[in-house]
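Engineer: Protein chains in written order, with my numbering: chain C, 1 to 312; chain P, 313 to 624; chain W, 625 to 936.
Treat the hints loosely; a few may be bogus.
What the hints assert, rightly or not - Cut-off 35 Å, straight-line C-alpha distance, at most; resulting in silico cross-link-like pairs (DSBU-like, lysine-lysine):
(1) W:701 with P:587
(2) W:701 with P:314
(3) C:203 with P:515
(4) P:461 with W:626
(5) W:701 with P:515
(6) W:626 with W:736
(7) P:314 with C:244
If you're looking for bench data, these hints aren't it; they were derived computationally from the structure. Since the structure is predicted, the reported quantities are computational estimates derived from the model, not experimental observations.
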Amino acid sequence: MKHCLTTTDLSIEDINEILTDAEYFINGGTWRPERNIFIANLFFENSTRTKCSFEVAERKLGLDIIPFEVSTSSVSKGETLYDTVKTLEAIGVNAVVIRHSQDRYFDELEDKTDSAIINAGDGCGHHPTQSLLDLLTIKQEFGGFEGLKIAIIGDIRHSRVARSNAEALTRLGANVVFSGPSEWFDNGLLQNGEYEPIDEAVKSADVVMLLRIQHERHGDNAVKSIDEYHHSYGLTIEREKTMKDRSIIMHPAPVNRGVEIADSLVECERSRIFKQMKNGVFIRMAVLKKVIEQTEGSMNHVNHHQKWSITH
Amino acid sequence: MKHCLTTTDLSIEDINEILTDAEYFINGGTWRPERNIFIANLFFENSTRTKCSFEVAERKLGLDIIPFEVSTSSVSKGETLYDTVKTLEAIGVNAVVIRHSQDRYFDELEDKTDSAIINAGDGCGHHPTQSLLDLLTIKQEFGGFEGLKIAIIGDIRHSRVARSNAEALTRLGANVVFSGPSEWFDNGLLQNGEYEPIDEAVKSADVVMLLRIQHERHGDNAVKSIDEYHHSYGLTIEREKTMKDRSIIMHPAPVNRGVEIADSLVECERSRIFKQMKNGVFIRMAVLKKVIEQTEGSMNHVNHHQKWSITH
Amino acid sequence: MKHCLTTTDLSIEDINEILTDAEYFINGGTWRPERNIFIANLFFENSTRTKCSFEVAERKLGLDIIPFEVSTSSVSKGETLYDTVKTLEAIGVNAVVIRHSQDRYFDELEDKTDSAIINAGDGCGHHPTQSLLDLLTIKQEFGGFEGLKIAIIGDIRHSRVARSNAEALTRLGANVVFSGPSEWFDNGLLQNGEYEPIDEAVKSADVVMLLRIQHERHGDNAVKSIDEYHHSYGLTIEREKTMKDRSIIMHPAPVNRGVEIADSLVECERSRIFKQMKNGVFIRMAVLKKVIEQTEGSMNHVNHHQKWSITH
Numbered sequence: 001m002k003h004c005l006t007t008t009d010l011s012i013e014d015i016n017e018i019l020t021d022a023e024y025f026i027n028g029g030t031w032r033p034e035r036n037i038f039i040a041n042l043f044f045e046n047s048t049r050t051k052c053s054f055e056v057a058e059r060k061l062g063l064d065i066i067p068f069e070v071s072t073s074s075v076s077k078g079e080t081l082y083d084t085v086k087t088l089e090a091i092g093v094n095a096v097v098i099r100h101s102q103d104r105y106f107d108e109l110e111d112k113t114d115s116a117i118i119n120a121g122d123g124c125g126h127h128p129t130q131s132l133l134d135l136l137t138i139k140q141e142f143g144g145f146e147g148l149k150i151a152i153i154g155d156i157r158h159s160r161v162a163r164s165n166a167e168a169l170t171r172l173g174a175n176v177v178f179s180g181p182s183e184w185f186d187n188g189l190l191q192n193g194e195y196e197p198i199d200e201a202v203k204s205a206d207v208v209m210l211l212r213i214q215h216e217r218h219g220d221n222a223v224k225s226i227d228e229y230h231h232s233y234g235l236t237i238e239r240e241k242t243m244k245d246r247s248i249i250m251h252p253a254p255v256n257r258g259v260e261i262a263d264s265l266v267e268c269e270r271s272r273i274f275k276q277m278k279n280g281v282f283i284r285m286a287v288l289k290k291v292i293e294q295t296e297g298s299m300n301h302v303n304h305h306q307k308w309s310i311t312h
Numbered sequence: 313m314k315h316c317l318t319t320t321d322l323s324i325e326d327i328n329e330i331l332t333d334a335e336y337f338i339n340g341g342t343w344r345p346e347r348n349i350f351i352a353n354l355f356f357e358n359s360t361r362t363k364c365s366f367e368v369a370e371r372k373l374g375l376d377i378i379p380f381e382v383s384t385s386s387v388s389k390g391e392t393l394y395d396t397v398k399t400l401e402a403i404g405v406n407a408v409v410i411r412h413s414q415d416r417y418f419d420e421l422e423d424k425t426d427s428a429i430i431n432a433g434d435g436c437g438h439h440p441t442q443s444l445l446d447l448l449t450i451k452q453e454f455g456g457f458e459g460l461k462i463a464i465i466g467d468i469r470h471s472r473v474a475r476s477n478a479e480a481l482t483r484l485g486a487n488v489v490f491s492g493p494s495e496w497f498d499n500g501l502l503q504n505g506e507y508e509p510i511d512e513a514v515k516s517a518d519v520v521m522l523l524r525i526q527h528e529r530h531g532d533n534a535v536k537s538i539d540e541y542h543h544s545y546g547l548t549i550e551r552e553k554t555m556k557d558r559s560i561i562m563h564p565a566p567v568n569r570g571v572e573i574a575d576s577l578v579e580c581e582r583s584r585i586f587k588q589m590k591n592g593v594f595i596r597m598a599v600l601k602k603v604i605e606q607t608e609g610s611m612n613h614v615n616h617h618q619k620w621s622i623t624h
Numbered sequence: 625m626k627h628c629l630t631t632t633d634l635s636i637e638d639i640n641e642i643l644t645d646a647e648y649f650i651n652g653g654t655w656r657p658e659r660n661i662f663i664a665n666l667f668f669e670n671s672t673r674t675k676c677s678f679e680v681a682e683r684k685l686g687l688d689i690i691p692f693e694v695s696t697s698s699v700s701k702g703e704t705l706y707d708t709v710k711t712l713e714a715i716g717v718n719a720v721v722i723r724h725s726q727d728r729y730f731d732e733l734e735d736k737t738d739s740a741i742i743n744a745g746d747g748c749g750h751h752p753t754q755s756l757l758d759l760l761t762i763k764q765e766f767g768g769f770e771g772l773k774i775a776i777i778g779d780i781r782h783s784r785v786a787r788s789n790a791e792a793l794t795r796l797g798a799n800v801v802f803s804g805p806s807e808w809f810d811n812g813l814l815q816n817g818e819y820e821p822i823d824e825a826v827k828s829a830d831v832v833m834l835l836r837i838q839h840e841r842h843g844d845n846a847v848k849s850i851d852e853y854h855h856s857y858g859l860t861i862e863r864e865k866t867m868k869d870r871s872i873i874m875h876p877a878p879v880n881r882g883v884e885i886a887d888s889l890v891e892c893e894r895s896r897i898f899k900q901m902k903n904g905v906f907i908r909m910a911v912l913k914k915v916i917e918q919t920e921g922s923m924n925h926v927n928h929h930q931k932w933s934i935t936h
């Protein structure tokens, strides 16, 4: 695995390996690259949890992080993503984590860079580390995926994770259904799951996976009033009461409290929302490890400068 | 001391302990947390010296700093401070330094987070590390506080430090007077000091503590012309000549040169302005140490990942 | 060498020493300061490669970097560069890397600060580490400078490197010519090289050194249409074919592809553009070493806090 670009690219073996490594890290396991690894986090879209989560993961692995702020970079002088990545590579950066508003921004980079690319979200496309942390959270709860019913509810069309989570979960043996405003469903999703009305979906699912309304991706009038949305498609206090005994609530966050989910349910007993965030750090450690191990195999050994000479 | 939120919350013992630890650091003493501590600096208002000062202090203690830029965080997607702090906590951040424009922003966080909160300024409220570094600077000069006369002069109403410095100094035995535009004085301050005309205050004080005109907190017409202010309430070259032999000048900075204080006095012999900045780093080291020691007592020992395994 | 401000200030010995040290680092050599060095990168103008290059260099030398973002600093409260630098110095910063739009911003700082200043670009003035990395790239290619013909082509008037590169190259024994729009040439350049028409310059030079069109420094109408510029003064595919066998192409980047140089030539065999970036890191390591060694000679040994005590 040279890069980590989409969930779809990951084989079942890849996924299982990453989940296992993440659990190893959760249990206090450690790993360090053989040599100093320089990494840059290129976030062309705003983020708190994904960016900070990568930063914590990178520090826990002892990587050297080169700060990169889009607003003060040469991107504002019109430099392309390609030239930016090649520049960082020339400067000695071994891996880049990228979030970018363009779908599949990585297609033009993939074969032309020696740096490893870790996709932290592309347009309405993919967000593999989010998918993987969702899988880990489900696995921790149920021990596996076979036969589970997962209801993915909300802004399916604009969601990076809806499509790729559905695809991966189906491959792993789970049954996926989609719910939310039916006009946000499209037939392209049918191969990974059917549409189901919200009340039916909530009642029967093992996992109620809510999606964030992406106000920033909709036009002004596309979203119904908040109250109306919450009432029609949100996890209200009433709907939560119909959920099965051991079923859980997930949400990739940031949560619009009172919209996708009632305020008081965000931290309720069924909620795994903050646990997802916790898992995110360990998933990212596992992904970084996998990608770096591959990089190390192909690295030029000549210009190698140890940072902490004493530790080797 | 789980958090460090206001000067008023600090007991005389706390204050003395912090001043002693700061002096220990000034004299070359070192201290390290027992385990890897992740910290984030959340500055919702601009700052050079406070933010950089915390960064230096954190690095000197070997903490792991997770960069957080408000402008590129999910705060710009409408995420609340509460959700931001809980997110950072989930991701593994053990302590957060926060500056925020809302008075007592920490009231809604204090009891609901496991992260330690260090207040780096709330609205027109508190700024405990600034107060502590002021106290340290005075103690270094005079050996103590008993019987000293401290004149706090200028934009008293909008100052984070006026109120809390006055309160702490009074508790420690000093006599505080306030000066500056009388319309910025209010009777709520009377418990910690009286109003005194500027010329009288400057002439008799051991410490002339000037405050910054907070242009950003006043309406457009609230501040008199710069020249007029300087002439009426600033430390002019003439007024400085009336100061007592060993009395000193302090200012929390950034200084509006030629407004609160004549340009040439900023670096004059009486000035302790840059010494205050120097002291700030060591005060912050002492506060961080105190808060982290408390955190360590209550930390979960299971998921503990040493960063620099060799150093232990 | 307390500061590193202009190429002109560097003696031939300084230059040779820096090039030698850079080659030592390229070949895997390492160097560490005797004590913990705090450094801040103050970029008042946008940059990717220079800022990141300094960051990588600083990390490779084990320096402690204090993040400084202009937009969220007190500069936005009107603080001057002088007060900002003095503040950082008070806080414990030993060296500052500065990029600023004002020509010779450092004149007001040079003698008044204990911090070492490394100039990363001042207005249309100097950019010594860029000049040095250009020199290194040429030396690697040709073994020396004596008798080489260097053609500096393009936006000569607004270029930080045109003037200082020409001056240094002339001192080192090379022959410099300038080309590009003749209205951007001025007689002040004559002491370091004559003007030559583009086709003649490209054909006869050992090094074709293209300069970036600084759209941000021109008025709106000053730059001809992109196509016209490329055709008249750019390195077109046709012109490249007239170059001598072993001659090379250089550009300080970011490149305006299709303007100063044909898109496909940016990564052609003659191009050393990405090699220049690679060299930049090692040049900056060498400059930082030189400046820090000087600082260490004059540092106060009392308040010295080792960060990685084990490595000493």
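Engineer: Next pair to validate is residue 314 of chain P with residue 244 of chain C; report whether the Cα-Cα distance is within 35 Å.
Structural biologist: Answer violated: residue 314 of chain P to residue 244 of chain C is near 39 Å, above 35 Å.
Engineer: For residue 461 of chain P and residue 626 of chain W, compute the direct alpha-carbon distance and say whether it is at most 35 Å.
Structural biologist: Given pair residue 461 of chain P, residue 626 of chain W is violated - Cα atoms ~43 Å apart, limit 35 Å.
Engineer: Just to be careful, I want the Cα atoms of residue 701 of chain W and residue 515 of chain P compared with a cutoff of 35 Å; is the pair within it?
Structural biologist: With a Cα-Cα distance of about 31 Å, the restraint between residue 701 of chain W and residue 515 of chain P holds, given a limit of 35 Å.
Engineer: Are the Cα positions of residue 701 of chain W and residue 314 of chain P separated by 35 Å at most?
Structural biologist: Given that 35 Å is the threshold and the Cα spacing comes to 32 Å, the pair holds.
Engineer: Is residue 701 of chain W within 35 Å of residue 587 of chain P, Cα to Cα?
Structural biologist: Status holds; Cα separation ~21 Å.
Engineer: Is the straight-line distance between the alpha-carbon of residue 626 of chain W and that of residue 736 of chain W 35 Å or less?
Structural biologist: holds (12 Å)
Engineer: Is residue 203 of chain C within 35 Å of residue 515 of chain P, Cα to Cα?
Structural biologist: violated (77 Å)
The structure does not agree with the numbered hints 3, 4, 7 stated previously, though it agrees with the rest.
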